[in-house]
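Participant: Single-letter residue listing:
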Amino acid sequence: MRILGRVTSSNVRKVLWTADLIGIGYEHEDWGLPLRDPRVPEFLALNPNGTVPVIVDAGFVLWESSAIMRYLGQKGGSDLWPADVRERALVDQWLTWQATELLPSWLYAVTAFLAKNPDFNDPERIAQSVDKWSANMRMLEAQLAEGGGYVANGRLSLADLALALSSHRWFSTPFDRPELPAVTEHYQRLKATEAGRKYLNADTP
Amino acid sequence: MGTLSILGRLTSINVRKVMWTCDLIGIGYEVEIWGMPHRDPGAPEFLKLNPNAQVPVIIDDGFVLWESNAIMRYLAESRRSGLWPVAAKERALVDQWLTWQVAELNAQWGYAVYALMRKNPAYTDEQRIADSIRNWTQRMQILEAQLQAGGGFAANGRLSIADIGLAVSTHRWVSTPFDKPALPAVMEHYERLKATPEGQKYMSADTP
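Protein sequence lines correspond, in order, to chains A and B.
Position one of the first sequence corresponds to residue 113 (my numbering), numbered consecutively onward.
Position one of the second sequence corresponds to residue 1181 (my numbering), numbered consecutively onward.
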């Protein structure tokens, strides 16, 4: 299996981390700026969006990081993607929430504060992004505090990987953050694992 | 099986995705109207079910679930519907396009829809309207190429939950007034689904 994408993308790291935990071997190809422009015909033939990650599994091409994680979970028969339909749905709910609610809320603030892109300087949009991101992280705090340190079913799942990567972005972005003890504990616990050290380090904020 | 409740308002496309899925699978349900302007989902009673204060939420014989795509996958899987194929690769392609609908496609149209369809006075930034239209159009062109290559369906050459998510998105595209490029495969897919009983119900002029 090939995994195409730069390790600086949290969506690529979701897939690498999933493959590592399930024990699926892969070749990693760096794609994405500034390393290798994905807007070239060779890459667009795999993913017309020009985004990373993409996997090629013995000829089978798939993109959208959450869909890739679910595919690898099913392919590997992994409990990270539980077999029980309701347990699976709760993992799916939080994994989907990460991509559709949490990630969009941080985009403006992260581009302004972490990537320091000078075009992202609208104070009102920065404030909106910080407020929404903080509200979402407080929701995650309540869920982790109530859920025994995991986001679903009281044990590790694909959703925890995506959320730990999101917390890594939260803690790597310089701004006034509210205290979130259950989020911090979840993040530090996953960061102390072998894969956590690889995918939640200072080189990839 | 006990009862299934769907909490939400018909004007939300995410609610319609879930109702359409239930109708096609043949799952009976009760609708509880939630969402503005009908009933504020910021109420404690609702927040206990979904702390995001968003619709839809389902309660399936006591089991609470939110996030429309996760609900569609759950309903199809728990009722063993072919709208969510069992074979891993076929399933993954449906998942890819359904996920793309919320993560890529839906993410582009927000500003343009508020400005041009809902005419919300807080959405008047010309540059942001133009950016939204450009990015939305570019994603719709990706869908056009996929439907052309895929024999009129998003994945695997047959109807799936991804087609439902994409058809209600096309309905929003068609219902928002601005100059659009011709997308013949998108329009053929849309008109074909709109001609079904569910399409008539969920892609009417009452719910743009």
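No lab work stands behind these hints: they were computed from the structure.
One thing to keep in mind: the hints can contain errors.
Here are the in silico distance ranges between beta carbons for each label pair [what the hints assert, rightly or not]: (1) B/D1386 - A/N313: 31 to 41 Å; (2) B/V1266 - A/Y138: 18 to 28 Å; (3) A/D231 - B/P1357: 20 to 30 Å; (4) A/R151 - B/S1185: 26 to 36 Å; (5) B/P1377 - A/E297: 44 to 54 Å.
Subject to a maximum C-alpha distance of 27 Å in a straight line, what follows is the list of computed BS3-like cross-link-like pairs (lysine-lysine) [unchecked claim]: (6) B/K1374 - B/K1299; (7) A/K244 - B/K1360; (8) A/K244 - A/K187; (9) B/K1381 - B/K1299; (10) B/K1269 - B/K1299; (11) A/K187 - A/K310; (12) B/K1299 - B/K1360; (13) A/K244 - B/K1381; (14) B/K1269 - A/K187.
Positions of the beta carbon are idealized from the N, C-alpha and C atoms, including for glycine.
Participant: Quick check: which numbered hints come out false for this structure?
Facilitator: 1, 4, 7, 8, 10, 13
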